[in-house]
Every structure is written in structure tokens, then in C-alpha cells.
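Could you build all of it, start to finish, from the sequences and the hints given here?
Straight run, no breaks: the sequence shown in this note's numbering ends on number 441.
Keep in mind that the hints were calculated from the coordinates and are not lab data. Every residue gets a Cβ at the ideal spot worked out from N, C-alpha and C, and that includes glycine. Please note that a few of the clues may not be correct.
[As the list claims (entries may be wrong)] Quick list of simulated restraints, FRET-style, between CB atoms:
1. Lys318 to Ala109: 52 to 62 Å
2. Gly421 to Leu41: 54 to 64 Å
3. Lys175 to Glu264: 51 to 61 Å
4. Pro25 to Asn69: 29 to 39 Å
5. Lys19 to Gly434: 51 to 61 Å
[Unchecked claim] Below 20 Å or equal to it, Euclidean Cα-Cα: the simulated PhoX-like pairs (lysine-lysine) are:
6. Lys19 to Lys117
7. Lys29 to Lys107
8. Lys143 to Lys318
9. Lys91 to Lys107
10. Lys391 to Lys19
11. Lys114 to Lys39
12. Lys40 to Lys114
13. Lys237 to Lys280
14. Lys436 to Lys164
15. Lys256 to Lys386
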Amino acid sequence: MIDIKFLRENPDVVKENIKKKFQDKKLPLVDEVIELDAEYRKIIQRAETLRADRNRISKEIGGFMAKGMKDEAEKAKAQVAAFSKEQEELEAKEAEYSEKITKIMMTIPNIIDPSVPIGKDDTENVEIKRYGEPVVPDFEIPYHSEIMEKFNGIDLDSARKVAGNGFYYLMGDIARLHSAVISYARDFMIDRGFTYCVPPFMIRSNVVTGVMSFEEMDAMMYKIEGEDLYLIGTSEHSMIGKFIDTIIDEDTLPRTLTSYSPCFRKEKGAHGIEERGVYRIHQFEKQEMIVVCHPDESKMWFEKLWQNTVDLFRSMDIPVRTIECCSGDLADLKVKSYDVEAWSPRQKKYFEVGSCSNLGDAQARRLKIRVKGKDGKKYFAHTLNNTVVAPPRMLIAFLENNLQADGSVRIPEVLRPYMGGKSQLTV
15 MIDIKFLREN PDVVKENIKK KFQDKKLPLV DEVIELDAEY RKIIQRAETL RADRNRISKE
75 IGGFMAKGMK DEAEKAKAQV AAFSKEQEEL EAKEAEYSEK ITKIMMTIPN IIDPSVPIGK
135 DDTENVEIKR YGEPVVPDFE IPYHSEIMEK FNGIDLDSAR KVAGNGFYYL MGDIARLHSA
195 VISYARDFMI DRGFTYCVPP FMIRSNVVTG VMSFEEMDAM MYKIEGEDLY LIGTSEHSMI
255 GKFIDTIIDE DTLPRTLTSY SPCFRKEKGA HGIEERGVYR IHQFEKQEMI VVCHPDESKM
315 WFEKLWQNTV DLFRSMDIPV RTIECCSGDL ADLKVKSYDV EAWSPRQKKY FEVGSCSNLG
375 DAQARRLKIR VKGKDGKKYF AHTLNNTVVA PPRMLIAFLE NNLQADGSVR IPEVLRPYMG
435 GKSQLTV
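Structure (C-alpha cells):
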């Protein structure tokens with residue numbers, strides 16, 4: 015959510031930003047919110063004037079009574095009562111206008127970074143750099159769920175009976191590999207100076223609307239019936255929510271946290287053949303990283319965060335590339351975003367395994383996460399998030415890139431301590 019003062023003073027900049035995101039239907043909202051804001055400020059100004067007049071006249075009543083001026087005192091009382099009634103009406107209008115303004119402001123997209131490429135959708139995202147040499151072996155690589163099945167490592171049929179489509183049972187060495195990757199990612203981030211955290215897996219609605227757009231909320235979140243609670247779609251939600259309604263001393267910045275959690279997502283919409291198995295599912299586990307920092311440092315932290323994911327995958331010998339999301343592919347709160355994609359030797363192309371985002375002060379403004387500077391002045395923090403690793407999707411890249419011709423799967427050296435010393439999985 016952008017600053018209403020910025021919108022008021024720079025409506026053309028906000029409109030141009032909306033056009034860059036190909037959301038022209040939102041253009042009328044800028045003028046609408048400016049009109050509402052002007053009326054809202056008039057209401058506040060009138061309410062303040064009334065309050066001052068009421069207080070002044072209330073003080074005069076005692077003087078009138080002391081002098082025996084009963085008629086004047088009664089007139090003053092009537093005037094105070096009239097002022098009080100008008101003030102109540104104004105307060106109701108104030109609340110009404112505030113709600114309308116907030117609702118509109120939460121749908122107007124954040125101002126994107128000037129470096130973001132302009133494009134309508136993910137087909138116009140831009141490749142930044144490749145890391146590692148993509149290899150296509152001279153033997154056929156089965157679909158990832160078929161590889162898992164050969165190790166008796168997955169049971170989709172039973173999961174379908176128990177929970178429906180989009181769920182799975184991981185078994186044996188595949189389940190152990192899943193946990194090994196999560197544990198390794200946790201230690202990898204701790205070694206890079208991040209504080210480890212296991213957060214709440216449910217959050218209240220005010221946190222949900224603080225961390226994401228309404229469109230994302232509708233497409234992703236599961237609501238707990240009868241409760242003001244939602245299952246998290248990523249631990250970023252509860253990790254950023256940790257700082258709601260807080261004032262942070264500038265000296266304690268940045269706050270760098272890495273968190274483990276299960277994640278739950280509706281995953282609305284139809285999906286293609288390449289998204290069967292465990293590619294796009296309703297429940298998975300993830301290691302995440304978030305940063306709360308000074309506005310001047312958010313660009314620097316953005317570069318550090320996506321590099322962490324690249325380094326993690328490369329330490330497991332998985333080729334990856336970074337993709338910059340174009341303007342039309344950015345969620346409304348995001349200023350800038352990179353996807354990290356892993357190489358799929360079976361498909362002979364890359365696919366997404368992580369996403370890094372700089373949200374500027376959008377989340378902080380919604381959640382009232384402020385920083386107190388050395389001069390005593392307060393300002394909104396900047397927040398960033400990035401996927402460290404999210405198995406089982408990451409397992410697709412791992413199994414395909416480490417599958418050997420004899421059907422065994424090589425275990426990279428960094429994972430062996432988490433796999434009981436195993437150097438390979440054998441059928």
C-alpha cells in the first residue's frame with residue numbers, strides 16, 4: 015500500500031505505474047480516492063473545529079450560571095448538545111470514509127522499481143544469469159513421481175483417498191531426503207547469520223491483509239471455519255506478522271530470520287500435465303528467509319537474498335538461473351522480484367523453485383511496522399522475503415539432476431551428514 019500523501023501529490027506517477035502493470039481498470043480509482051480523501055480531510059477539520067468550539071462553550075456555561083445568566087446558560091447547553099450530535103455524525107462519516115479509502119488504497123499497486131522490465135505476464139520475464147552447466151544425460155529420465163515410486167518413496171493413491179487430489183505420502187528414503195534438504199537449508203541459513211524460527215502456522219485476517227493483496231488472498235488462503243484464522247501459505251506471512259504494531263529501534267536493524275513451516279495453498283485454477291505428481295500441491299514444507307531493514311538497505315538485501323538460494327542449489331550441484339519478473343507478473347505489493355529456477359534435464363528446461371521479493375514499505379505500512387531513528391523520528395521499515403528451499407518441488411530438481419544410469423540417485427556431499435552418511439540411494 016502506497017502513502018496516501020504520495021498519491022495525493024503524484025497522481026500521474028501512480029497512474030503511470032498502474033499502466034505499467036497493465037491494470038488500466040484501476041486508473042479511475044486514483045481520482046476516486048483523491049476525492050474521498052479531500053472530503054475525509056474536510057470532515058476531520060470540521061470535527062476538530064466543533065470539538066474546540068464545544069469545549070470553549072462548555073467552559074462558558076459555568077460562568078453564566080455563576081452570574082445568574084440562566085437563559086444564556088441554557089442557550090449554551092443547547093449549542094453544546096447540537097455540536098455533540100453533529101460531532102457524532104461526523105465521526106460516523108469519518109469511519110465510513112476511512113474504510114472506503116483504505117479499501118481502495120489496498121487495491122492500488124505499489125510503485126515498482128525503475129529497473130523492472132515492462133511486460134504483461136510471466137511470458138515476458140527476463141533471464142538474468144545462469145549458474146552451473148545444464149546437462150541432459152544419454153539415458154531417459156522418468157517423471158519425478160515414477161522415480162520416487164521405484165524407491166517406494168511416494169503414495170499418491172492413499173493420499174487421494176485420505177485427503178483428495180493435491181496431497182501425498184512420502185515414504186522411506188525419499189521422505190528422509192525431503193527432511194534432509196529442509197535441515198540442510200536451515201543450517202545453511204543459520205551459517206549465513208540468520209536467526210532460526212518456527213512460527214505460528216495460522217494467522218489472523220488483519221495479518222493476512224497486511225502481507226498480501228486481496229487477489230492473492232482469495233487464490234491461496236484456507237480459512238478456518240468459525241475462527242478469525244487462516245492457514246499460512248508461506249511462513250513469510252507469520253514472520254512479517256511478528257512485527258505488527260511495533261516500533262523498532264533503528265540500532266537493532268536489520269532483523270534477519272529464517273523459518274521452517276508447513277504451507278497450505280488452494281492453488282486455484284487448472285494445471286497442465288507437467289504439474290501432476292508433487293509439483294503443484296495443497297500442502298508442502300518450506301524453509302523461508304525474511305528481512306526487516308532500513309529503506310536505504312533494502313536493495314542491498316534483495317541481492318543477498320536471491321544469491322542465498324542460488325548458492326544453496328549450487329552446493330547440491332543443481333544448475334539454476336535467475337529470472338526477473340516483469341511488471342505485469344509482479345503481485346501488487348511487490349517493488350521488485352526474482353524467481354530462481356532449477357534445471358530439469360527431463361523437460362530440458364528450467365522451472366521455478368523459489369521467489370525473492372522486495373516489498374518496500376507496503377507490508378510495513380499495512381501492519382504498522384515502524385522504526386525509531388536516532389533523531390527520534392519514526393518511519394516505515396522495508397520488508398523482503400525469499401524461498402530458501404521448498405520440497406517436495408525441490409526434490410523434482412534434485413532427483414532429475416542426480417539420477418544415475420543404473421537408477422540410483424547420487425547424494426551430494428553436503429547432504430550426506432543428514433542422510434546417515436549415505437552417498438547414494440539404490441533401488
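Hint check results:
1. Lys318 to Ala109: 52 to 62 Å: violated, 42 Å
2. Gly421 to Leu41: 54 to 64 Å: Since Gly421 and Leu41 have Cβ atoms about 57 Å apart, the given range 54 to 64 Å holds.
3. Lys175 to Glu264: 51 to 61 Å: Since the Cβ atoms of Lys175 and Glu264 sit about 54 Å apart, the hinted range of 51 to 61 Å holds.
4. Pro25 to Asn69: 29 to 39 Å: Holds - the Cβ-Cβ distance for Pro25 and Asn69, about 37 Å, lies within 29 to 39 Å.
5. Lys19 to Gly434: 51 to 61 Å: About 59 Å separates the Cβ atoms of Lys19 and Gly434, which means 51 to 61 Å holds.
6. Lys19 to Lys117: Distance ~16 Å between Lys19 and Lys117 Cα, so the pair holds.
7. Lys29 to Lys107: Given that 20 Å is the threshold and the Cα spacing comes to 28 Å, the pair is violated.
8. Lys143 to Lys318: Roughly 15 Å separates the two Cα atoms, so the pair holds.
9. Lys91 to Lys107: Between Lys91 and Lys107 the Cα gap is close to 24 Å, so the pair fails against 20 Å, i.e. violated.
10. Lys391 to Lys19: Measuring from Cα to Cα gives roughly 18 Å; hence the hint holds.
11. Lys114 to Lys39: Holds - the C-alpha atoms of Lys39 and Lys114 are around 18 Å apart, at most 20 Å.
12. Lys40 to Lys114: Status holds; Cα separation ~15 Å.
13. Lys237 to Lys280: holds, 10 Å
14. Lys436 to Lys164: holds, 18 Å
15. Lys256 to Lys386: It holds: about 17 Å lies between the C-alpha atoms, which stays within 20 Å.
Hint violations for this structure: numbers 1, 7 and 9, all remaining hints satisfied.
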